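Number of protein chains: 2
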Amino acid sequence: MSATSESSGSPILTVPVEIPDHLQKPVGTPGPRLLEIERAKASFSPRDLELYLYGKDYIERRDRILPVLENEPAFNKSRIHYMDRGEKYRFGLRKEKRLTQIQMELGWDDDDLHMAEGLLDLPASFNLHRSMFMKTLRAQTTEEQKELFLRPAERYEIIGCYAQTELGHGSNVQGLETTATYHPESKSFILQSPGLTSAKWWIGGLGRTADHAVVMAQLYTPDGKNGQLVKRGPFPFVVQLRDLKTRELLPGRTIQDIGPKAGYPMVDNGTMLLDQVEIPHVNFLAGYASVDPETGKFNKPQHDKLAYGTMVYIRASMIQQARSIMARSATVAIRYCSVRRQFADRDAPQTDDGRQPAETQVINYQLVQARIFPPLVQAFAFHFTGKEMYRLYHLNEQAMKGGDFGILADVHATSSGLKSLCTLMASSSIEECRRACGGHGYSLASGLASLWSDYLPQVTWEGDSYMLTQQTGRYLFKTFRTLLADRNAPMSKENRTADYVLKYIANPEAKAPFKYVGDLSDPQLFVDAFGHRAAYLTATALRKRDIEKRSWNSILCDIFRCSTAHSQYTLVYNFAKALQEDEDLKSQRALHRVMTTCFELFACHTMDTEAAEFLSSGYLSPKQHELLRNRVHELLAELRPQAVPLVDAWNLPDYLLNSALGRQDGDVYPALVRFAQGEPLNRTRFNVDIHSDEIEVGPEEGAKVSSKL
Amino acid sequence: MSATSESSGSPILTVPVEIPDHLQKPVGTPGPRLLEIERAKASFSPRDLELYLYGKDYIERRDRILPVLENEPAFNKSRIHYMDRGEKYRFGLRKEKRLTQIQMELGWDDDDLHMAEGLLDLPASFNLHRSMFMKTLRAQTTEEQKELFLRPAERYEIIGCYAQTELGHGSNVQGLETTATYHPESKSFILQSPGLTSAKWWIGGLGRTADHAVVMAQLYTPDGKNGQLVKRGPFPFVVQLRDLKTRELLPGRTIQDIGPKAGYPMVDNGTMLLDQVEIPHVNFLAGYASVDPETGKFNKPQHDKLAYGTMVYIRASMIQQARSIMARSATVAIRYCSVRRQFADRDAPQTDDGRQPAETQVINYQLVQARIFPPLVQAFAFHFTGKEMYRLYHLNEQAMKGGDFGILADVHATSSGLKSLCTLMASSSIEECRRACGGHGYSLASGLASLWSDYLPQVTWEGDSYMLTQQTGRYLFKTFRTLLADRNAPMSKENRTADYVLKYIANPEAKAPFKYVGDLSDPQLFVDAFGHRAAYLTATALRKRDIEKRSWNSILCDIFRCSTAHSQYTLVYNFAKALQEDEDLKSQRALHRVMTTCFELFACHTMDTEAAEFLSSGYLSPKQHELLRNRVHELLAELRPQAVPLVDAWNLPDYLLNSALGRQDGDVYPALVRFAQGEPLNRTRFNVDIHSDEIEVGPEEGAKVSSKL
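Note that the protein sequences, when read in sequence, are chains A and B. 1 is the number of the first residue of the first sequence in full-length UniProt numbering; add one for each residue after it. 1 is the number of the first residue of the second sequence in full-length UniProt numbering; add one for each residue after it.
Isolated chain A (complex conformation) (with noise of 0.2 Å):
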């Protein structure tokens, strides 16, 4: 068996049929010229583009570090599809060390760490301890606490995970089942799992990794009067799982990995029941509550609005890595169906000699178009929304400390409804890009499968991304009738769902304007459209609510289509502000150029995509539907020659990509084939005899050794 070999330590496999030499060269045009062509065509620089898009210090950042990580062989990622599941935990847990102290050595600050993640895209048992369990220890400490988890923890000497999520519970935090008793006679907790759906699950990293955990559990204290234990919510707990030296489980732990998923195989996803586990009273991470060591006695957190300023930031940072996404999975997609050919075009003349005309690149095919193009402007919407939601969370940040919480709900239920709408579009548009690469992107060589398996959990953690919309709908109604009742209510500035709550009040039976495709290219006349349209729906759910009296559950789907409204609202939004007031943009006429393009189609594919909604309103006619639609086939044939400078200009490093198809050189073929060459399997021939129990022939080299299965 290949692994075996692999990981007792051997060197690479050798390969095990070589090409003939004169084989080697593809037919027709190879890729890089055909890439080369394509850059020909730019109407633009897209090293301009990088620079307008990233910052110069994103970049410096991204060129320092890059080629470290290239040069690490724990971080050389060709042999990784070939792994198993435990090679794969090995492979992790080398990197996680590497990285470390790669991380003191050059003395890598917490921006660098954060970029070599990102290149690396590799996460692995560490991660839990570098984020969750790091920042629960800074934010919710004591002095004290500080110094007896946090310190060893910064030195490694600790390795940690946060437990929340049980067996049965995972959305619902205030359901979860452990609990943590104190006892003021040994000051001490007691944690219990009452049984096995309080296991907790999906802990990343307490499966083998870590030996001290953030337990999240129910905490009951003694009430004062008569010693009655109340139950006072869900609250974190610092837990010793494993002996520091012999990684031998403490007493009370019953701790193992939950088995494999459909990605995220470095993670060591665990699950762990307690039982009668004591812990002294310092390792109750107080935060802003506290219990009294003598008494018992429980003292409520304060400001639990604070909490929200952390969802805005983690919810900010998903749309930056669904854009991430969006623009990994077209540059793949883009660059390969320019490689690609296939078919003639229908119309194209048969040559003089009666052979066929030369088949086409993938790329011109207006249907491989319409699948590819749009997560490539839809990278760009939600970069300037992404930047757009950092700004709010710091202007939020800073006028919570100076007490003002008036954008906190606006800011927060609007960072819900994106989380939810961009986790959902970039998971389609992994699969839309893999399924445009044809059969090959099928291959684990394509990048894409890959990607989809490692992105899919963005869907349902952090707030699972349909039911989440509940936060939005639940804002959008409270906005909704604060306005109704009084126009003038108090708003602050940076408030956009008023904006368009209070337009649509003033005309509800408003109509598009436009009656050709020239009108089409005011950004204007798309955010007033988005708006009255999530103002519509918002309208309609809240008829249902309060004057049919409906129950909630059965308007969760208006709700969902309201979220979704607002949310591509603001995409729309954030993305015509840019080309309307960004002076950086605005001085640069060839991005500007191209950044319409881009809006352009975004906004009306956005459009045509949700069509009914406009046209049930009202809104939308039929006809002007039409020269929509066709507007969008326009757009495709218009951004098609810039289609590979554009993904260019984000620059995404090949060995981020990791993707034969979708290489920056273009040379796809050569590259399909080393990854063959690559396959463990091609070391052994087998014995297909049904007749025979021997499964393998033998090895085609090395030790005549033959396993019976």
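Don't read these hints as lab results, they were simulated from the structure.
Below, a list of computed lysine to any residue pairs in the SDA-like style, where the Cα atoms sit at most 20 Å apart: (1) A:Lys245 with B:Arg685; (2) B:Lys544 with A:Val517; (3) A:Lys623 with B:Ala539; (4) B:Lys623 with A:Thr540; (5) B:Lys300 with B:Tyr220; (6) A:Lys231 with B:Gly28; (7) B:Lys515 with B:Lys623; (8) A:Lys623 with B:Glu509; (9) A:Lys478 with B:Asp347; (10) B:Lys544 with A:Asp608; (11) B:Lys387 with B:His114; (12) B:Lys245 with A:Val697; (13) B:Lys300 with B:Val173; (14) B:Lys623 with A:Leu542; (15) A:Lys231 with B:Ala344; (16) B:Lys245 with A:Phe686; (17) B:Lys401 with B:Tyr313; (18) A:Lys549 with B:Leu627.
A quick note: this is a predicted structure, and the numbers were derived from the prediction, not measured.
Following the hints, put chain B in place on chain A, whose structure we already have.
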């Protein structure tokens, strides 16, 4: 490394961590009890529905074959998710051998084998030998060739594959690069790969297993006049690849496995370059063409159209497969969402003692229903259309034998459109259902993540599901033009396309004739609506092509929409027809009732999803659309109590589902724990000290072998 001891034949691993006895019980109402309650709600007999769907023969066959599979150690699926690719290939090869032995021992016929393959759901290395290799040998051979190739293949003395696709050419068979040149002097063909892109690629079973291949190559024969070589198009040739005993490659063959894919791990998809490979004249599978052995004179094949019959058959079987995929995804999601409870209903009253109200089953959320009920009712829609396509296939075969090609074009075009639509819908449904399972959907224990990976190629092969729609479009254009020129042009009575096109031509301004929800209970209303829309889209696209003289490429998106609309019409038509005309169904009132609800949800949901086009044509008014959307929500609630009984009616065995979440008994949580206990990583302790190069602390049991990475 765990894999090591596995592959060398050691027994199943011992469980590293045991759950304490007193913590083995899930908290709250157990899953089995919850499913019991669901089953008590049935308004019909699931067993009667099962019989109606499958028929007695199918059920008898399934019940006879299933226990054989369940009791065969070589078919035990419990460990497949822990295996690496090499182990999986070996497992698959062993499975193929045992399956062949059992087939011979028990005298299984082709239908029995097909049933077994379906229940096993473990496509492996003999896949193409059993299907395309033998099929081609049966269809395209002389008696002499049957003796030479088919008989040994039937006895598994030779193992074959079918080598068509090339590295640079998938869809475009006419563009294949591999050549086969006839040399009358030696009475042999020389096969040659002209370059790297000519390498056969993706060929199932080629990589490590097959010793023979049917190779599709461009035939070149000398021209009668001056002996110049003339290209005759792609034809099949039998080529031996390996020595039957040593399994070594024969000279001139460069063959290897192409490496890991998103799914299909047990299949050794392979690549092959042929360099001056000489084969005798008899290895040319002439089919209906021939090459004169003496002169090399080429005789063209007749009856091209017969090949379309086979395509119709394959596509009909893909519809039935999509049906099973839908039913399977819905089964897992509906059962698990009935067992899983999360959050209390927002409108639920607080209990008197101030505690939170009980959590609700996830299946009660409208937004969950809206995602998992459509696949359920789509499965029934696919069922009726799949059945009808088989009937038309047989009808067409009979007709063609008599020289009547009157329905071929309609059946072929419809089967192409349905292949596209059904595979796209089935793949989306798997993922939709997986997401509805929340976090646990991401575990391979869900059975859905791996189902997705294995199902995906269906979207690409047998005609890419996007590009294939051009076949349907071309036919719709032709029919429309014919009927526009002459409304009385002769059409087969089986031609449904003509029905709706004629209706549309007679009244293009027709409006949907419903005003009240009650009007929607007439199936014919939906047949008319979907027919009108399909005709409207065809008319619109045809106008662009014929009047505006637009290029074919510039209307590919329109054509895709036409094909989708035609296929949705077909699904609605066949479902409605069964309700209206199937005496077997009509005589069983309880079944007819529940199928009617399923039809209504299918039709209303599909119409709502595609509402933009119904609105744009003016067929549907905004008011009607609102009524329709609300009706979808009502139907979700109506179907809710029948959801579990309906998936029970499909009666998909646990052995097939292989899902901890979709278990027939609902005992989900202990199954997830068992899945964790099987994870090989759990045997090992790891050294997480960042300053140490050691990765493993050493196995917790067995020999003290510590490996370094």
